[in-house]
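A.B. asks: Sequence:
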Amino acid sequence: MNDTNQTSAEQAIQDQLRRLKWMIPDAMRRMDEAAQCMLRRAQGAVKDTEALLADQPCSMSWVDFAEGDLRAAREAKAELAKLLEQQRMLEFFLRKD
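In the working numbering, the protein residues as written are 12 to 108.
Calculated directly from the structure, the hints in this document are not laboratory data. All values reported here derive from a predicted model rather than from experimental measurement. Certain hints may be false.
Here are the simulated SDA-like pairs of lysine to any residue, each with C-alpha atoms no more than 25 Å apart in a straight line [unchecked claim]:
#1 Lys107 with Arg51
#2 Lys93 with Val57
#3 Lys32 with Arg51
#4 Lys88 with Ala62
#5 Lys93 with Asp43
#6 Lys32 with Ala65
#7 Lys107 with Gln47
#8 Lys88 with Thr18
#9 Lys93 with Trp33
#10 Lys93 with Gln47
#11 Lys32 with Gly79
#12 Lys88 with Leu101
#13 Lys93 with Lys58
#14 Lys88 with Ser70
#15 Lys88 with Ile24
#16 Lys32 with Val74
#17 Lys93 with Gln22
#18 Lys58 with Gly79
If you anchor each label on the Cβ, the simulated ranges turn out as follows [unchecked claim]:
#19 Ser70 with Trp33: 26 to 32 Å
#20 Gly79 with Arg40: 35 to 41 Å
#21 Lys88 with Thr18: 44 to 50 Å
#22 Gly55 with Ala23: 45 to 51 Å
#23 Val74 with Arg29: 56 to 62 Å
#24 Val74 with Glu102: 42 to 48 Å
All C-beta atoms in this analysis are idealised placements derived from N, C-alpha and C, irrespective of residue type, glycine included.
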């Protein structure tokens with residue numbers, strides 16, 4: 012009975028590791044998308060600020076979106092960190108058995 016429980020626990024760990032193999036790249040893509048969005052917004056902010064300093068018209072609309080971009084990046088980072096920690100923990104438990 013103990014052997015069966017151990018096998019089913021090991022199988023559950025293997026199943027979750029398989030799920031993580033596709034979840035982690037998705038989380039990495041979300042992290043990249045958040046970073047790319049922040050980069051585009053930062054480049055726009057630089058152009059707007061340069062225009063402001065040159066007494067040219069500028070929108071400064073990037074300010075309205077900066078907080079949301081930062082929140083999205085933090086959420087993507089937290090999700091990726093959680094998944095990577097799960098993976099490390101499961102791999103550790105698998106090696107222990």
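A.B. asks: Are lysine 88 and leucine 101 close enough, with their CA atoms no more than 25 Å apart?
C.D. replies: Distance of about 20 Å is within 25 Å: holds.
A.B. asks: For the pair supplied as a hint, lysine 32 and alanine 65, is the alpha-carbon distance within the 25 Å limit?
C.D. replies: Violated, at roughly 50 Å.
A.B. asks: Checking one constraint from the list: CA of lysine 93 to CA of glutamine 22, max 25 Å. Satisfied?
C.D. replies: Given that 25 Å is the threshold and the Cα spacing comes to 21 Å, the pair holds.
A.B. asks: Straight-line Cα separation of lysine 88 and threonine 18 no greater than 25 Å?
C.D. replies: Violated, at roughly 33 Å.
A.B. asks: Note whether the CB distance of serine 70 and tryptophan 33 lies within 26 to 32 Å or breaks it.
C.D. replies: violated (40 Å)
A.B. asks: Does the structure keep lysine 32 and glycine 79 at a Cα separation of 25 Å or less?
C.D. replies: With a Cα-Cα distance of about 28 Å, the restraint between lysine 32 and glycine 79 is violated, given a limit of 25 Å.
A.B. asks: Please verify whether lysine 93 and glutamine 47 have alpha carbons no more than 25 Å apart.
C.D. replies: Roughly 21 Å separates the two Cα atoms, so the pair holds.
A.B. asks: Check the hint pairing lysine 32 with arginine 51 against an upper bound of 25 Å on the C-alpha distance.
C.D. replies: violated (29 Å)
A.B. asks: Per the hint of 42 to 48 Å, is the separation of the Cβ atoms of valine 74 and glutamate 102 within bounds?
C.D. replies: With Cβ atoms ~43 Å apart, the hint holds.
A.B. asks: Does the alpha-carbon distance linking lysine 88 and alanine 62 stay inside the 25 Å limit?
C.D. replies: Given pair lysine 88, alanine 62 is violated - Cα atoms ~33 Å apart, limit 25 Å.
A.B. asks: Taking 25 Å as the top limit, are the C-alpha atoms of lysine 107 and arginine 51 close enough?
C.D. replies: Measuring from Cα to Cα gives roughly 46 Å; hence the hint is violated.
A.B. asks: Checking one constraint from the list: CA of lysine 32 to CA of valine 74, max 25 Å. Satisfied?
C.D. replies: violated (37 Å)
Hints 1, 2, 3, 4, 6, 7, 8, 11, 13, 14, 16, 19, 20, 21 and 23 from the earlier list are contradicted by this structure; the remaining hints agree with it.
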